[in-house]
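Chains A and B, in that order, give the protein sequences. Residue numbering for the first sequence follows this note's numbering, beginning at 1 and increasing consecutively. Residue numbering for the second sequence follows this note's numbering, beginning at 283 and increasing consecutively.
One or more of the hints may lead you astray.
[To be verified] Pairwise CB distance ranges (calculated):
no. : chain 1 : residue 1 : chain 2 : residue 2 : range
1   : B       : P406      : A       : D235      : 45 to 53 Å
2   : B       : P406      : A       : A232      : 50 to 58 Å
3   : B       : D476      : A       : A74       : 48 to 56 Å
4   : B       : R343      : A       : G217      : 36 to 44 Å
5   : A       : E210      : B       : R448      : 23 to 31 Å
6   : B       : R483      : A       : P163      : 24 to 32 Å
Since the hints were derived computationally from the structure, they do not count as laboratory data. These numbers come from a predicted model, not from an experiment. Every residue gets a Cβ at the ideal spot worked out from N, C-alpha and C, and that includes glycine.
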Amino acid sequence: MQIRLSRDIGSAAFIAIACAFANTAILVPANAAVEPRALVAPVADYKIYVTGKVRELVTDTRAFTDAVKAGDVAKAKALFAPTRTSYEAIEPIAELFSDLDAAIDSRADDHEQAEKDSGFTGFHRIEYGLFEQNSTAGLAPYADKLMADVLELQKRIASLTFPPDKVVGGAAVLMEEVAATKISGEEDRYSHTDLWDFQANFDGSRKIFELFRPLLGTDDRAFVEKVEANFATVDKILAKYKTADGFQTYDKLTDADRKVLSAAVNTLAEDLSTLRGKLGLG
Amino acid sequence: MTPRDRGTVNRASPLAGLDRRQLLLGLGAAAGTLTAAGTAAAATEPDNVARAPLSDQTQQRQAFYGVHQAGIVTPRPATGIVASFDVLAPMPEDLVRLFRTLTTRCAFLMQGGTPPELDPRFPPVDSGLLGPVVFPDNLTITVSLGASMFDQRFGLGEQKPRRLLRMIRFPNDAPDAARCHGDLSLQFCANTADTNIHALRDILKTIPDLLVLRWMQEGSVPALPPQAGATPESARNFLGFRDGSANPDAGDPATMDAMVWVGAGQDEPEWARGGSYQVVRIIRNFVERWDRTPLREQERIIGRQKASGAPLSGGYEGDIPDFAADPKGEITPLDAHIRLANPRTKEARKNLILRRPFNYSNGITKAGQLDQGLLFIAYQNDLDRGFIAVQQRLDGEPLEEYIKPVGGGFFFTLPGVVDDTDFLGRGLLAAAGLIDANG
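Next comes chain A alone, as it looks inside the complex (with noise of 0.2 Å):
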């Protein structure tokens, strides 16, 4: 056990916190037997899976934006949400790139003026200008930016060493940006395309999980397990909402399935917070 005790060791009210406490995942200690070198193949398998995202983001957003810009409406609506899943799938990786984020991702009511606001570009620009105003007029500058920061990241990725704290931190990253931001419905405001976002960003994180999850220890079993239990949770509310093509709108989604996948999210945050310490990073 790694967990240094102070001052009220022996007393009955320590016992009693240190149980409470040793009911949720964060005191587990720390796996302090993972070998750096341990650590090289699985963060080589995340850039393979990274680097195959990055090309599937290219190619669907070329389509994309040569609908935008042949002023195909329908097409470009229908490409919309299935083009950005593959960029949700990587945000840790993306994100790190803080300024092609902010072009790429960034949303109305991160600009002082909203949608009205000349920094306001991207995905979300052009879901406004589809979904909203059920157009392409005035989108094709903003489909030509894309496409070139989509490329900028690709190339970027690619000469990018990846940190491994920031890749294993990734998984914990990903829970954040759903609890945060997404499980209110406001990230695809206007399209109410969210749970097409909500898969792939659950995608991208158990992804890092199960990459690593080997390295874990035996002792700990119980966590491995937890997680597992609520990605499965994950899967099955948003099993409920799945089309042919895709996700139902967000607004389909219950008010108890909502607040389901909002426990699940933010008990992986929290889980998955622990996981560099259990790896022995950060």
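Fit chain B to the supplied structure of chain A, relying on the hints for placement.
Below, chain B without anything else, positioned relative to chain A:
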């Protein structure tokens, strides 16, 4: 001893520091009269404006264990929060874990102490916002259950307190769904707002899989300077009136048994004895409009003198108005708030409730008006005979022009935790057959 040494000594001894800082605060304008030693001390530490304000009340502590929960007959401190949650407990053992964990967290937070230290590569156990040693600061946490807790989900239905129901809508209410109801409420009260927030964050972090925050409302009441020999006064609400003047005596156990605590003589489930019905109402006050209302009209609407809190017939805040001698409402209008709420008749004694409200300020509305009001909290042992009866008498009162209830809920405050082998809700879970009688 060099001046630097002196500063070190002061830092190591909080009391010495307190004295010196008080000296600096109190005599700042007369610095020229300070002794050489005092001046030297001042020179060691620059006047940092961000220094923490000092309080000698951080070690005030309320007992966690008892037949009743704390935070009801406990004198109301300066700040409070009511937070309402949805409970997710897929299995009966989750429900047990919820109540057991709430018990241990509340016991620790009210007692204070040092949280366990982890390997620094882990997120810390405690938010740290009170420092490395958590101080109690007069904290109470009061746990209550909403009617929805007794629906089909948890198997508690047959144990529902007989008068517990989802908060009903009264004619002047404009309920905001995002600020109403809930499975479980936590009332936090402490000397400082940060202590309540620390406690709330501790609980949220400990059981995120069981509790989903639904709404919360913070509040405070203005503190008064202690005045030797003066009659204590009730704190003022945001209408500027003393609020709580006719409260029953919380220091008298017999009165509390008669009005606040569910007892053996009531047709309530046995586990509920020692509990109480909690009413929370978020009542917006239209303060700009109120401030533009003539004083005499304000006083006639409330039924009290604004400055002294005395009845309109005169005297002191604690004086009982003689409404029987004023049948036409010539002194206190028949529809004045205090007259409707408590007509001071023998029958009306049955309707007395224990009020423990806070004022809240939530910034501004879309219209640019102050979003302020009363976080009304009241306890009684019979919801029908208590708040509901009182509010029904108030329906249509002239004060309604200036107030709008927008949120809140009805809850049942669990009986207390008698000792460290007991836990919150144990009687309820045992009665419902979710745990055996030995817990």
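Hints versus structure:
1. Our hint of 45 to 53 Å for P406 (chain B) and D235 (chain A) is violated, since their Cβ atoms are close to 31 Å apart.
2. Between P406 (chain B) and A232 (chain A) the beta carbons are some 29 Å apart, a value that contradicts the proposed interval 50 to 58 Å.
3. The beta-carbon spacing between D476 (chain B) and A74 (chain A), approximately 54 Å, falls within the hinted interval of 48 to 56 Å.
4. For R343 (chain B) and G217 (chain A), the Cβ-Cβ distance of about 40 Å falls inside the hinted range of 36 to 44 Å, so the restraint holds.
5. Judged by the Cβ atoms, the range 23 to 31 Å given for E210 (chain A) and R448 (chain B) is violated: they are separated by roughly 43 Å.
6. In this structure the supplied range 24 to 32 Å holds for R483 (chain B) paired with P163 (chain A), their Cβ-Cβ distance being about 29 Å.
Violated hints for the displayed structure, listed by number in ascending order: 1, 2, 5.
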